[in-house]
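Since chain A is already given, all that's left is putting chain B on it; use the hints.
One line per chain: the protein sequences are A and B, in this order. Remember, this note's numbering sits 270 above the position in the first sequence when you count from 1. Remember, this note's numbering sits 87 above the position in the second sequence when you count from 1.
To be clear, the hints were calculated from the coordinates, so they are not data collected in a lab. Even for Gly, the Cβ is constructed at its ideal location relative to N, Cα and C. Since no wrong hints were added, every one of them can be taken at face value.
Chain A is faced by these chain B residues, among others (derived, beta-carbon under 7 Å):
no.	residue
1	Phe162
2	Thr170
3	Leu171
4	Phe179
5	Glu180
6	Gly191
Straight-line Cα separation of at most 30 Å, BS3-like style, residue types lysine-lysine; simulated pairs:
no.	chain 1	residue 1	chain 2	residue 2
7	A	Lys555	B	Lys192
8	A	Lys555	B	Lys154
9	A	Lys556	B	Lys266
10	A	Lys555	B	Lys237
11	B	Lys237	B	Lys192
12	B	Lys266	B	Lys154
13	A	Lys351	A	Lys462
In case you want the letters, here they are:
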Amino acid sequence: MRELKILTDTFQSLGGDPEVFQDRHIAHMAASGHRLVSQREIPGITIDAQETGDGITNTIIIEKGKRIELPIHLCLGITEKAGIQRIQTRLVIEEGASASFLAHCLFPFVESGEHRMDATIEIKEGAHVRYHESHYQGTHGGMVVVPKAIIAVGPGAQYFSDFSLVKGRVGQLNIDYVVQVDTSAVAELTSKVFGRESDSIHIKEKMVLAGEYAKGLIKTRVALEHDAQGEMTGIMEAHAKGARGHVDCREIIKDRAVGRAIPIVEVTHPEAKVTHEAAIGTVDKKELETLMAHGLDPEQATELIVSGMLQ
Amino acid sequence: MPLVDIQHLVCEIHGKRILQDLTLPIVEQEIHALLGANGSGKSTLAYVLMGCQGFAPTSGLMTFKGKDLGPLPMFERARLGMTLAWQEPARFEGMTVSQYIRIGKPDIDPAPYLTRVGLSPDTYGNRLVDTSLSGGERKRIELAAVLAMKPLFAILDEPTAGIDMLSVQDMMHVIRSFKEGGASVLLITHQETIALMADHASQLCGGRVIASGNPKDIADQYKKGSCVRCDGERCIPLTIAR
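This is chain A alone, in the form it adopts within the complex (with noise of 0.2 Å):
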């Protein structure tokens, strides 16, 4: 199917193997625009995912108790010059069960296009669940890229996810992020973006603290250049003993470059404790030096710098 090998060309383009999509062992979901173009499931999985006319809706479930060995797979994308991509999805991690996903999303000859995701997942307790997803939106800029998710991590449950969008264009990024963490559970919400030309990138991640002992991170790396504009919003609120948060937001600008961040701590209970570090303009200063002090450049030295903490 042409679709589905411009994804996976894609994909393979930027280091993956398409073999996954071959593997029997290993589930996925493709959907290019509104056609779903591949799907598998594995014992302990179960995909539902329909074409709707303007859209997909899937719902993933991982059953009680399962540990899924092998990564997810869910590759998402638009494979023409200009399209739209509406998907509805809902992810079920049911008690004790574990699994990680690798969403990605791909955008390869977009010249204006736009997708938005609308999730909803839903950790039990126990559950442990890595969610890595990672764009490719092409050169061009004319990605519109909308993603909400509304995440609940349950009484014990783990939840780590990690957004990345660092090759090629951004275009506009809205990204749009609550998660809801109980009792002695933990949540890790980790951002990478880069930002370039007139890309515009706007991430908002609220984190509620809600359970005795919960344990959340909201995590923000965005490099900007030329006339690129961010903004980072993260909230963290905790309401219950023992609750920990910390929301650490980094980032580098360079040319004509604007960047804003915008913590917001809330604490209501006696017990329970935020923190907050946002850092943002050149490289840092030390950090050049000592890699000019071993013969780079500056521009070598800031190329590094940010490579890696876009890793």
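The following block gives chain B in isolation, referenced to the frame of chain A:
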């Protein structure tokens, strides 16, 4: 001709004179200890020599192999064969120890350099050079990276500070290996026991070299504390024969 020749160096920062008429020659394959109390100007001299931003000399001359360092930016000084190991080295997100040691030398094997500073390549090669490392581990990695550069002149700013007592002898052995490899070392320290390993020593006080000569004599003088609290105005420069 000295490998590094510093003549009448003056450095003012924010209107305050930190280095005053400082003269210090360092010859080839010499470990030259620079002793001084906190605030005596030791680290400032290191930054001025290396060309760090904000540490330009107000007057005086610095040469390396006869070449005037004044107009050269930091990375060009490094490419001539100079380098600096900071007292508190920077941390880097997303960079492994192996990648760090390979900076500018992509073909080298980091393993022997890690082994030389007492770190297991298997344990440390893939660790990140970030805040997950202790201060002592980070300093060892910095020394390994400087060793891998094979410099002609290494400025080591307090290389044993933060290193556990049992490992200090190992670090001194590493410092000697610079000399065995043909390099000179400016060994900045406020520990007289460390200075004793040098071929030559100078004592800095109030931004001036107040004594220069045999490390034991300089260390003895430093240990007496005669200049520890002075402001550089009341020091009597003393030269001890080499």
